[in-house]
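Each chain, written out:
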Amino acid sequence: MSNNRLAIQLLSASLASLWLQLLSMQEAQPLVLICLPLLILSRLLNPPLLQRRSWIPSLLMIGLLSAWLAQASQGGMSGLLINCANLLWLLSGLKLLEAQRPGEIRRTGLLLLLAVGLTGVFAQGLGSSLMQGSTALLAIGSLLGLEIGSSRSSGLLRSLFLLVGVSLPLMLALFLLAPRIGPLWQLKTTHQTGLSDQLVPGSIAALVQNNSTAMRLQFKGMAAPPPAERYWRVMALNEFDGRRWSLSQDKPNLAPPTPPAAKSLLPQQLVLLEANQLHWLPWNGRGLPIPTEIRRSSNGGLWQPLPVQTRTVYSLVATGPDAPELWRQQPPNPSDIYLPKNSNPRLNALGNQWRQLPKPEQRLKMARRWFLDQQFRYTLKPGVLPYRDGLDAFLFESQKGFCEHFAAAFTALMRAADVPARVVIGYQGGEWIQDFGSENGHLKVTQADAHAWSEIWLPERGWIRVDPTAWVVPSRLEQNLFNSLGAAGSSDDQRLLVNLPNWIQWLQGHWQTLDLNWSLWVMQFDQSKQEELLRQLFGVHAQRWQSTILLASMAILLALALVVLGWLQPQNKNKLRKELDDCLFRLGIKPKEGEPLEACLTDNSLSTELNQKLANLINAYQEQRFAEHPRKPQHKLIKEIRQLKPLKTRRFSRRWRAKPKP
Amino acid sequence: MIHGLRNRLKQRLSREGTPLTLSMRKLYILPSRFGGLWLIGSAVLYIIGINSNSNGPILLAFLCSGLFLISLFLTQFNLQGLELAIAEPGPGFAGDLVPYPIRLQSHQDRYRLRLAFSHQPLLIQPVVPSGISLAHPCWRPTKRGLQTPGRLKVYSKAPLGLFVCWSYWLPPQQQLIYPKALSGPVLEQWRPLQQDHPIKNDANQANGTDDFNELSPHRPEEGLQRVAWKQLAGGHGWLTKRFSGEAASQRVLKLDSKLPLEKALEHLSARVMELSQQDEPFALELPGRQVVHGRGRHHRDAALQALALA
Chain Z
1 MSNNRLAIQL
11 LSASLASLWL
21 QLLSMQEAQP
31 LVLICLPLLI
41 LSRLLNPPLL
51 QRRSWIPSLL
61 MIGLLSAWLA
71 QASQGGMSGL
81 LINCANLLWL
91 LSGLKLLEAQ
101 RPGEIRRTGL
111 LLLLAVGLTG
121 VFAQGLGSSL
131 MQGSTALLAI
141 GSLLGLEIGS
151 SRSSGLLRSL
161 FLLVGVSLPL
171 MLALFLLAPR
181 IGPLWQLKTT
191 HQTGLSDQLV
201 PGSIAALVQN
211 NSTAMRLQFK
221 GMAAPPPAER
231 YWRVMALNEF
241 DGRRWSLSQD
251 KPNLAPPTPP
261 AAKSLLPQQL
271 VLLEANQLHW
281 LPWNGRGLPI
291 PTEIRRSSNG
301 GLWQPLPVQT
311 RTVYSLVATG
321 PDAPELWRQQ
331 PPNPSDIYLP
341 KNSNPRLNAL
351 GNQWRQLPKP
361 EQRLKMARRW
371 FLDQQFRYTL
381 KPGVLPYRDG
391 LDAFLFESQK
401 GFCEHFAAAF
411 TALMRAADVP
421 ARVVIGYQGG
431 EWIQDFGSEN
441 GHLKVTQADA
451 HAWSEIWLPE
461 RGWIRVDPTA
471 WVVPSRLEQN
481 LFNSLGAAGS
491 SDDQRLLVNL
501 PNWIQWLQGH
511 WQTLDLNWSL
521 WVMQFDQSKQ
531 EELLRQLFGV
541 HAQRWQSTIL
551 LASMAILLAL
561 ALVVLGWLQP
571 QNKNKLRKEL
581 DDCLFRLGIK
591 PKEGEPLEAC
601 LTDNSLSTEL
611 NQKLANLINA
621 YQEQRFAEHP
631 RKPQHKLIKE
641 IRQLKPLKTR
651 RFSRRWRAKP
661 KP
Chain Y
1001 MIHGLRNRLK
1011 QRLSREGTPL
1021 TLSMRKLYIL
1031 PSRFGGLWLI
1041 GSAVLYIIGI
1051 NSNSNGPILL
1061 AFLCSGLFLI
1071 SLFLTQFNLQ
1081 GLELAIAEPG
1091 PGFAGDLVPY
1101 PIRLQSHQDR
1111 YRLRLAFSHQ
1121 PLLIQPVVPS
1131 GISLAHPCWR
1141 PTKRGLQTPG
1151 RLKVYSKAPL
1161 GLFVCWSYWL
1171 PPQQQLIYPK
1181 ALSGPVLEQW
1191 RPLQQDHPIK
1201 NDANQANGTD
1211 DFNELSPHRP
1221 EEGLQRVAWK
1231 QLAGGHGWLT
1241 KRFSGEAASQ
1251 RVLKLDSKLP
1261 LEKALEHLSA
1271 RVMELSQQDE
1281 PFALELPGRQ
1291 VVHGRGRHHR
1301 DAALQALALA
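As they're listed, the protein sequences go chains Z and Y.
Just so you know, the first sequence maps onto residues 1 to 662 in our numbering.
Just so you know, the second sequence maps onto residues 1001 to 1310 in our numbering.
FYI, nobody ran anything at the bench for these hints, they're computed from the structure.
Fair warning: there could be bad hints in the mix.
Claimed, not checked - Among the chain Z residues that face chain Y by a calculated CB cut under 8 Å, a handful are:
hint, residue
1, L64
2, R106
3, R107
4, L113
5, V116
6, G149
7, L163
8, V166
9, M171
10, F175
Treat the numbers as computed from the prediction; the structure is a model and nothing was measured.
Glycine included, C-beta positions come from ideal geometry on N, C-alpha and C.
My request is simple: use the sequences and hints to build the entire structure.
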């Protein structure tokens, strides 16, 4: 197999693994996904039509590119980066098809590396990164195969791993120490959505079946909250039009940013949030957010100016158990009590009955009792509620629903009873995942943990959380959603959620721990983390010496890499000859190139006895090398050669001892 | 000053002597064009990374930079310590591709060594194993006589093609180049055998005509007169006896004085090859040089050498 052929096969493998990764990415356009395997196949089968440099490959190229352009223009220029990435993926396939000469093959390899890099923008998990790494490895392997060739395929693999292996420390040094600069311009990417900023029946029921991770939380210097306290609020919906709960249109009223005095050493929660396109971040309502762009709003939200487009890390520094939660004390707005008079008449009537009670707490108690007395059922399939007076239909007719039905109906009831109330959507629950072999762990919250509850205003206590779903299904708080469905007795709902065997969950848990740490420490490593690292390693003035440290470490690592490569250089395979050369060297004889071995017997200063021994050995060596059936086996000869060595050393040491001291 | 510098550079670049060990001082290294593209690619990856705020492309960009740095040394090491020496170059014809063997001595495996004389085709040696090996870069001589192929460029791009490391060498050994074999008119004379032999003590002449001096495989068209019956009886198969002086007159090739010297030599060269292939005996007379009547490979080579050096 020629070097070119080998390189092309490696490139095809690299492109195939890129394609595998694109399959799981939403950004990849169908045209690219369909064309890439066809291009790879046609390159590997190498039909004679394509071998000639004729108009056919270029026609194919023009056709595919125009098809891509048509598709890209249809989708609008919403994501320039996505379109560019798709173009690059497609181009790398086309380039592979036309690569024939070494130069072209090399450029294809480079293009593939760029294509892999672009997938890294969209998929940043540990699995994706490993996949990207192997794709890049194959592309580099093709470059290496072009030069080193396939004479020994294991040799190629070894050289590839060696080369990349010694480059990894250099990469790491650059990654940790090279000065970081901020983005030159802002790129927009679109990602999957999580919670939406309004609540209409059915929207959260659809989310529950999505088991993808929503966020992960680590608790540093503090304990994780007990299961009943795991409420992560995202948005407070206070606008109600009789059917739809939505976010207030006004700009959020923001609290001042976190003072810089808040040190990262204090107990804190570290949150790794997946992209969800929302301005609002989940939190449990306590603590000071870091970084300072994230602000607390007066309605108890955590708001940042840019929507969450990629995985984001933020932390909440604990403020102590007695610190007031300011947002709870914010008095209600008129919109927090507004209820359209012309909708849901039965709900209005029920609420009006409770108005007779003097205290809001008593009205809350009444409502609780009423909910427990009714035969409410908790289900994933509550059916469609009528467009008008939907809440009436839920409360007094179907009486089956999901958290959003309970939360919406209870909040409306409270407003009817003249208690300010709002619906809060966010996440409730989460699964604790222990790190492998350590005390630490993290809480994983999935989209299946999406939840809705209520907050009501009590003049003495401020805004307090009320979860009407918990009245109906108390187990919802303690266990995960799967079990709560069983407790509520709707067994066929369980089929909608798949429960995996324990060992797979165990594996998943550890994988997720790794993934989390990869995201936290590698993918989210930025300027501030770099500064912190430098400060910890080299002291306060590290910044000033950053480039010196970088250069020095690069030089050291480069030297080390070369030493390692020198060590691992494939040695002369002839072990016997090596032993003999070693022996001769110790005896102070240096055989000249091209001279027969026997020549060293005549021209040396050894004793006759030693010389005789050496002559015997050399004869035996010659016989071993060239005779058809040597008398002595190799290992025996090696032993004899080794025995000869100490002779000289002993002689030397004797001479040393005999030497008179000056 | 520039002139002096250029001279010094020329001296440096065309290092003579044999054998030549490619040491650090004799090697030059620069990024190849692909190396430049590679750097641009790394920069693009880095910019994509910092702009999209994702570390994946940044890691890849840094890996590419690391590979670039390592590759600088590995490319140099692929050539460093290689010893070049001349193996005996055989003769060849002007205008043909003539191999100029070079002995490579190395204490480690080297990959994808490229050897080329200036303006001559490239030889790629996929692997140079540790020990001694031969490489045969070719050149196309334009002139006859004792020629040297000129400056040899030894270079390598292994392992990744990011750098090109090279060295120059001027191998001093001359190679015998015969005139180009170009068929055309030749002055041919037939001369009685005993008349014209000025050099009586020539070795070829010493062989009598009574006895054959060569045996060759028998061809049916040669008839039965010259069959070596003794050898046939001895079980050696059908052979034909060839006598050194079997023709009554000898063919003498001479320069056609009407043609320019080089042209005439080229025609003679073609004629010599033609006659040797047909195994016809001939003699060659050139101004100042003579090749006595004879045949066989050695005779042909002697004649061609005379033509080359005329």
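Now for the hints, and whether the structure bears them out:
Violation of the interface hint for L64 (chain Z) is found here, the shortest Cβ-Cβ separation to chain Y being roughly 23 Å, above the 8 Å cut-off. The beta carbon of R106 (chain Z) is positioned within 8 Å of a beta carbon in chain Y (closest approach about 5 Å), and the interface hint is therefore held. For R107 (chain Z), the shortest C-beta to C-beta distance to chain Y is roughly 7 Å, which falls under 8 Å, so the interface hint holds. Hint status for L113 (chain Z): holds, given a least beta-carbon distance of 6 Å to chain Y, under 8 Å.
Because the beta carbon of V116 (chain Z) sits about 7 Å from the nearest beta carbon in chain Y, less than 8 Å, this interface hint is met. Among the interface hints, the one on G149 (chain Z) holds; its C-beta lies about 5 Å from the nearest C-beta in chain Y, closer than the 8 Å criterion. Satisfaction of the interface hint for L163 (chain Z) is found here, the shortest Cβ-Cβ separation to chain Y being roughly 6 Å, below the 8 Å cut-off. With 8 Å as the threshold, the beta carbon of V166 (chain Z) comes within range of chain Y, its nearest partner Cβ sitting at about 6 Å, so the hint holds.
For the restraint placing M171 (chain Z) at the interface with chain Y, the shortest Cβ-Cβ distance is roughly 4 Å, inside the 8 Å limit, so the hint holds. About 5 Å separates the beta-carbon of F175 (chain Z) from the nearest beta-carbon of chain Y, less than 8 Å, and the hint is met.
In this structure, the one hint that does not hold is number 1.
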